[in-house]
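Undergrad: Sequence:
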Amino acid sequence: MHSIFRRLSVLAASALTLAVVADAPAAHATTFRDIVADGTSNIEWTRIPSPRIARRDAIVAMSPIPSADFGNIRTNLSPQKGRGNPGIAIFDYDNDGDLDIYVTNGPGANNSLFSSQLVESGELNYIDVGEAAGVGAFDQDSSGVCFGDIDNDGDHDLYVLATGQPNRLFENNGDGTFTDITATAGVGGEGRHAVGCSFADFDADGLIDVVVANTYDDWDHRIPVFFIGPTYEGMEHNYLFHNDGGNVFSDVSEESGIQDVSNMPAGAFTWAITTADYDQDGDVDILSADNQGGTPQDRSEERGWLRLFENDGTGHFTDITESVGLDVVGGWMGVDFSDYNCDGNLDFFATNLGYLGSGQPSRWFFGQDDGSWVDSFEADPTLWGIGMTPFGWGTSNFDYDNDGDADTVFHGGVDLLSLITKDNVGVMLRNEGNCSGEFSWDSEAFTTDHQNRTVHAVAVGDLNGDGFEDIVSASNFNIVEKFAVPYAGTFFPPFGSPFDDIATAEIAFSSRVTAGFQTYIDPELIDGTLSVEINSADTGNNWVEIDPMGSIGIVDDATVNRDGIGAVVSFTPWHGKTSIRPIEGGSSYSSQDSLAANFGLGSEHRGTVDILWPGGIHNRLYNVIQGEKLLFPEIPCSLDNPNPISYILCLRGSLNDLGDAGILSHRQRVRFLSSGLRAYFERPFNH
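Each residue of the sequence shown is one higher than the last, beginning at 43 in this note's numbering.
For the record, the hints were derived by calculation from the structure and aren't laboratory data. A portion of the hints provided could be inaccurate.
[Stated by the list, open to error] Distance windows between CB atoms, simulated: (1) Met104 x Asp411: 54 to 62 angstroms; (2) Leu719 x Gly427: 43 to 51 angstroms; (3) Trp426 x Phe534: 39 to 47 angstroms; (4) Asp286 x Gly216: 19 to 27 angstroms; (5) Arg720 x Gly427: 21 to 29 angstroms; (6) Ser109 x Glu86: 41 to 49 angstroms; (7) Thr82 x Gly695: 44 to 52 angstroms; (8) Ser400 x Ser482: 21 to 29 angstroms; (9) Asp411 x Pro272: 16 to 24 angstroms; (10) Pro540 x Asp286: 32 to 40 angstroms.
Virtual Cβ for every residue (Gly too), placed ideally from N, Cα, C.
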């Protein structure tokens, strides 16, 4: 019954939203306002450092350090992410119809669950209920997070990762609280250093499984980051936990095939992982973003690839990276799927080292009809004039101006001991219109300058319900600027990029104080912060929001998990191009976007929704009107059924089941029936 109340509460929240945003100002450029910075959100959050920070402090105490020793000290003694690794999830934990925000923290501080008060008060502000709800994880060095309905009871459960400690699975009790079921669920792992996770139903049994991105065996050093040569032996394999039912999982990592990593003797160094049906064949595949570390001297030392694991439909995977053109070396750190050029194929964006890699920009990869991928940097080394990009961690694709095509946002920053990157001010890359698949930097999108924030986690969702998605980001530390120097002209010539003028680094150790030594010059580092940036929503463009829902346990023969994770949702305006949004159970870096599929319509007023469900069933709904927030349940009736009587009986029976469960009203059932019949008798169509 939780699922019924959840969906009905969304409709109630939609009514509230219409009242709040009825009078929109005149259209102009889209901008974002940080409601944490302006004090209107009631959010207070800072990132507590990891205990590993003591190792960095010990190196600082050694200053001045002989220059000849500094490289070895940085590699062997400096910790990985000494100030922690925040993650973000945007979801409606209490099913009241507004989106809440979960943010991880370090040991000695509770993880925060910011409960939105939009429905209760009509104002967008939050109350931190993390500890009270049972998801504080006070003693855990928490990192990434993902969510999904593991038991199909209609509420989101929460999986919180850790570095060097067990991961934790929290079951949603349906009353605003959670229970830690890690011990009985079997998903704690072996104390690996996990950073990202993604839920999906890999074997089409109606229960979501989870894949976990692991890194390497000891974050007290950064050997795999700076090491040049054969692969570091302490790389950690990723996990795949199969949902066996009853909230119990089994570790199928080895037999699933995800440990058979091409060009690697053991595991890879995976910074990010996501899941989507990339080839739209009805099963969910896995994409991981792997880190290279030191520059490879030959092919055998290449390990930093964008690895694509193809599902055979049973939950067994094959690494097809090389055969599809994704064996591209980089320091890949964040990934998210979309379809930028509206050609019907899923594409993705991956974050990278940027200036720090001197030739490794963050960029887009375009899916082709034959299943291969085109690297945008290889196709156009200028990246349409962008040239070079800042350092990147978290990223999301969404139509920020609702003009009908997907745009890209990413953040980033890193402490390399000798210097700290300060090149990412918060980057919004705008799709140039009409699904061109060509991008430019919108330097005016952010009203907050993020250059002094080392942002890791990024997630998006429509927090205030106005049809325009908003951005949440978390840094693991911030910088009070003292000794910033430009990349271009200091470390290498300009790239001809619009970022050349703003890309800087904060110097931490300098050789100019005492010849032959590296001296710490005391940059001021402060705890990381949270940013919640609300879309100005003033372009005048229209939108729809699609909320896919699997009907397993409600409709006979339904097989899709309640959250609809793994579905591929498409929207085609009457006079426009088709946009695609896959429902991902975790993406970006250490984070997860809201599950709702938001589509911008530009000036269009209506269109058609198609959903390809996990398992291969395809549903269609015509005449979806701008401004609709549409619950779209799985209707397990195949349009490929050669028997029209059988199809019609299936359609009617499924809709009756959804009506009996209180999911669809009589009017809604008539609407889905009409569209289902039309779709069947107008076959064939591309899907």
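Undergrad: If a hint holds in the structure, say so; if it doesn't, say that too.
TA: Checked hints:
1. Met104 x Asp411: 54 to 62 angstroms: The hint (54 to 62 angstroms, Cβ to Cβ) holds, given that Met104 and Asp411 are roughly 57 angstroms apart.
2. Leu719 x Gly427: 43 to 51 angstroms: holds (49 angstroms)
3. Trp426 x Phe534: 39 to 47 angstroms: violated (22 angstroms)
4. Asp286 x Gly216: 19 to 27 angstroms: holds (22 angstroms)
5. Arg720 x Gly427: 21 to 29 angstroms: violated (45 angstroms)
6. Ser109 x Glu86: 41 to 49 angstroms: Given a distance of about 42 angstroms, which is inside 41 to 49 angstroms, the answer is holds.
7. Thr82 x Gly695: 44 to 52 angstroms: holds (49 angstroms)
8. Ser400 x Ser482: 21 to 29 angstroms: holds (23 angstroms)
9. Asp411 x Pro272: 16 to 24 angstroms: violated (38 angstroms)
10. Pro540 x Asp286: 32 to 40 angstroms: violated (51 angstroms)
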